[in-house]
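2 protein chains.
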Amino acid sequence: MRTRPLKVALLGCGVVGSQVVRLMTTHADDLAARIGAPLELAGVAVRRPDRVRDGIDPSLVTTDAEGLVTRGDIDVVVEVIGGVEPARTLIGRAFEHGAGVVTANKALLAQDGPALHAAAAEHGADLYYEAAVAGAIPLLRPLRESLAGDKVNRVLGIVNGTTNFILDRMESTGAGYGEALDEATALGYAEADPTADVEGFDAAAKAAILAGIAFHTRVRLDDVHREGIAEVTAADIASARRMGCTVKLLAICERAEDGRSVTARVHPAMIPLSHPLASVKGAYNAVFVEADSAGRLMFYGPGAGGAPTASAVLGDLVAVCRNKLGGGRGPGESAYSRLPVSPMGEVVTRYHISLDVVDKPGVLAQCAMVFADHGVSIDTVRQTGKDGEASLVVVTHRAPDAALSATVEALRGLDTVHDVASIMRVEGE
Amino acid sequence: MRTRPLKVALLGCGVVGSQVVRLMTTHADDLAARIGAPLELAGVAVRRPDRVRDGIDPSLVTTDAEGLVTRGDIDVVVEVIGGVEPARTLIGRAFEHGAGVVTANKALLAQDGPALHAAAAEHGADLYYEAAVAGAIPLLRPLRESLAGDKVNRVLGIVNGTTNFILDRMESTGAGYGEALDEATALGYAEADPTADVEGFDAAAKAAILAGIAFHTRVRLDDVHREGIAEVTAADIASARRMGCTVKLLAICERAEDGRSVTARVHPAMIPLSHPLASVKGAYNAVFVEADSAGRLMFYGPGAGGAPTASAVLGDLVAVCRNKLGGGRGPGESAYSRLPVSPMGEVVTRYHISLDVVDKPGVLAQCAMVFADHGVSIDTVRQTGKDGEASLVVVTHRAPDAALSATVEALRGLDTVHDVASIMRVEGE
Ligand SMILES: NC(=O)c1ccc[n+]([C@@H]2O[C@H](COP(=O)([O-])OP(=O)(O)OC[C@H]3O[C@@H](n4cnc5c(N)ncnc54)[C@H](OP(=O)(O)O)[C@@H]3O)[C@@H](O)[C@H]2O)c1
Ligand SMILES: NC(=O)c1ccc[n+]([C@@H]2O[C@H](COP(=O)([O-])OP(=O)(O)OC[C@H]3O[C@@H](n4cnc5c(N)ncnc54)[C@H](OP(=O)(O)O)[C@@H]3O)[C@@H](O)[C@H]2O)c1
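Residue numbers (full-length UniProt numbering), protein chains in the order written: chain A, 1 to 429; chain B, 1 to 429.
Mixed in with the good hints there might be a few duds.
In silico lysine-lysine, DSS-like type, Cα no more than 27 Å apart, as pairs [what the hints assert, rightly or not]:
#1 B:K7 with B:K281
#2 A:K281 with B:K7
#3 A:K151 with B:K151
#4 A:K324 with A:K360
#5 B:K151 with A:K281
#6 B:K151 with A:K324
#7 A:K151 with B:K7
Don't read these hints as lab results, they were simulated from the structure.
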């Protein structure tokens with residue numbers, strides 16, 4: 001074992017960063033044995049230097065993150081500040097100064113992944129980010145490395161714990177969205193401003209990262225179709241239940257059947273209770289991967305939290321340090337496929353549609369004709385009526401999303417349709 | 001991209017080997033892009049050279065495996081012959097001649113892992129074997145690499161598809177063991193000689209490999225306590241059902257609570273229906289991993305079959321090739337912990353025991369005293385009686401296996417106990 005330590009600069013020391021320090025300290029001997037050299041915490045950059053930070057030598061704490069990263073002797077930079085700036089600039093400086101980088105920053109990667117990878121490659125440095133998607137669950141490494149000899153066709157996952165917790169509460173207590181969100185906030189599962197989670201931005205960033213890795217192509221955040229859970233009602237969840245389904249916010253990355261394009265999207269969807277993702281409760285995450293030869297794989301575990309996320313960061317840290325010592329580099333960006341990302345309209349999916357209609361003969365036939373006119377085939381239709389009002393619940397077969405949404409538009413235009421009460425996609429079959 | 005190809009020697013071209021060739025052929029361009037150089041199949045060693053092998057140039061086929069491995073220009077050897085010899089000797093020769101090795105051979109690794117790792121290290125070569133445990137499921141790489149910064153405390157898995165299929169049939173049809181085994185054989189899920197599977201040898205080899213990697217220590221096949229499923233009865237499965245459990249053949253690797261030793265074992269056990277492993281059906285595999293910081297992770301997928309296993313082999317092949325090109329080496333054996341492996345008697349577990357007893361007052365008290373005398377605390381006891389015969393079903397709290405088995409011995413010695421009808425451990429809580 002080498003005795004000269006590898007120097008680690010930690011940028012950010014909040015929920016995740018403080019756990020990174022704890023693991024580096026309590027597992028110091030194990031880490032040294034696994035890496036082949038001890039680790040030394042060379043500095044910790046924060047915003048508020050005067051806060052008391054357990055287990056951290058105050059002389060290591062600085063507000064000069066740039067100075068820390070560029071001081072010349074840093075082997076690896078761990079970025080757990082979050083957000084785009086100053087994280088992006090600091091990571092760039094780290095590469096320029098010969099350091100490898102480990103980050104948990106999904107927002108930055110989804111927005112600027114290609115530029116970051118290019119900078120890493122230019123300087124022969126590593127860029128690892130397992131913690132950015134699905135917290136502690138080993139997912140990016142299996143996709144990048146274990147499945148490197150296979151062809152991934154589909155990634156389907158629950159990658160946001162906050163929304164999964166909220167939907168789970170709505171399901172188990174019958175609560176509405178607002179009430180379940182309040183509960184999540186009170187219990188610390190939702191942030192004071194829950195927008196990034198409930199509007200699906202967080203899941204969309206992860207979908208972009210996953211699609212890029214799974215399909216060896218570049219997928220930008222803007223390429224990801226995004227719908228949040230704020231519109232999901234207790235009635236939707238009850239309808240899902242009636243058809244043997246549950247509602248989950250899913251991130252779905254798919255290769256088109258002809259293999260010539262890919263899609264990435266985040267939206268609430270009904271999935272059958274028999275699907276393994278249906279039983280993923282609370283703040284857990286799980287990701288289904290379908291590959292040509294490997295078949296259907298699932299990865300399950302805690303999707304967030306200080307310690308789980310730090311575990312993923314440390315796994316990357318060990319890899320980057322081992323690469324440094326061996327003089328090599330881990331796999332960089334793999335985007336050779338250059339597949340176009342198709343818009344949502346080209347995604348092939350199924351709809352579950354509830355209509356409030358006039359209760360008179362012929363309405364069902366009239367609605368069915370609208371589906372047929374748009375080339376959408378109906379799987380099941382259920383009609384219930386009372387007091388001159390009827391409700392029609394239609395589940396379609398698979399059709400392009402554009403045809404499905406055009407069908408809904410046309411239904412809205414019918415005199416006999418009072419309201420399209422809910423629309424939800426059906427996945428996982 | 002380098003244009004000179006990396007040369008691959010394939011040893012064995014059966015269920016797995018033929019799929020390795022298929023993937024190398026159909027995914028040639030993808031593999032070249034991911035590795036940074038094309039792959040060339042340099043030779044295929046088999047036993048019966050005259051068999052027709054689809055998609056393989058007959059001039060590549062040879063019975064001289066040794067000559068192939070030692071010809072001097074081979075970059076990577078893929079060993080999918082199976083068994084100990086000649087696989088062991090051939091792998092040794094491969095290292096001597098500078099080749100990296102990818103193998104799916106759990107039997108060889110469980111028996112001779114340390115010697116193989118030492119030979120690989122001596123020659124600066126790679127030894128990868130993801131396919132040896134749980135087929136297509138990325139499991140060894142996550143354990144070795146993703147969790148390298150964490151402390152794994154427990155691995156609990158269904159790692160043999162044949163026995164899982166049989167237990168699943170017994171559960172869903174009420175069939176006995178023999179009948180379910182016949183069905184598995186007829187459907188191709190069990191081999192003509194099913195001993196390695198049903199007696200737990202296959203799972204024990206995998207448990208030894210998993211424990212070694214999870215705990216950074218050496219665990220030999222002989223260190224693994226092993227019980228098969230041949231004794232599991234329809235009555236056991238019915239009792240499990242009554243207590244909200246199902247029966248699975250589990251491979252369990254645990255770190256002792258004081259952290260100073262480890263255990264590895266394979267045996268049928270009852271697990272609660274609410275446990276994620278309970279819903280793993282048919283020939284699927286799934287492995288639960290509990291780590292200090294990451295928490296509870298699960299990996300799920302096809303545990304065997306030509307294409308899934310070949311997918312895992314190819315993932316390793318890409319890694320070994322990348323390491324070759326980069327001039328580096330992947331992680332070797334990590335056995336620095338040198339923890340002793342404790343015998344089964346020291347494992348702390350729970351028992352479910354069915355006793356046929358004389359139906360007279362005081363028998364329950366007498367039996368309870370036997371448990372108490374051995375320091376085993378009872379969780380629940382259920383007594384049912386008819387016609388002078390009674391049955392007593394006892395579920396214990398956690399206790400050392402030695403105390404539990406001594407309790408059973410003492411119960412057998414009681415006049416009032418006609419028979420210990422069944423004993424099964426209870427896990428997963
Ligand atoms: N929390 C999770 O469960 C989780 C899970 C997966 C991924 N992540 C990702 O991990 C990253 C960190 O998340 P977190 O939850 O640990 O965030 P956090 O608790 O808000 O911590 C952020 C840290 O960065 C420091 N900081 C902020 N601005 C800075 C600046 N300009 N210069 C230097 N330091 C600065 C803060 O300093 P002060 O301490 O002085 O405020 C704080 O220590 C994010 O990218 C997040 O998406 C988090
Ligand atoms: N099958 C699975 O689902 C699976 C899953 C995980 C791991 N594995 C492992 O993968 C390995 C291969 O399994 P498999 O199912 O592919 O076995 P298999 O179908 O029996 O194939 C064995 C191959 O090895 C060749 N062979 C046997 N003895 C040889 C010798 N002395 N020299 C050269 N070639 C020889 C055979 O030649 P012929 O073709 O001429 O008979 C055959 O091509 C085993 O270690 C197994 O444990 C298999």
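For each hint, the structure was consulted:
1. B:K7 with B:K281: violated (39 Å)
2. A:K281 with B:K7: Violated, because 47 Å separates the two Cα atoms, which is more than 27 Å.
3. A:K151 with B:K151: Violated: K151 of chain A and K151 of chain B sit about 32 Å apart, past 27 Å.
4. A:K324 with A:K360: Violated - the C-alpha atoms of K360 of chain A and K324 of chain A are around 74 Å apart, more than 27 Å.
5. B:K151 with A:K281: holds (25 Å)
6. B:K151 with A:K324: Holds. K151 of chain B to K324 of chain A sits at ~23 Å (cutoff 27 Å).
7. A:K151 with B:K7: holds (22 Å)
Going through the hint list in order, the structure does not satisfy hints 1, 2, 3 and 4.
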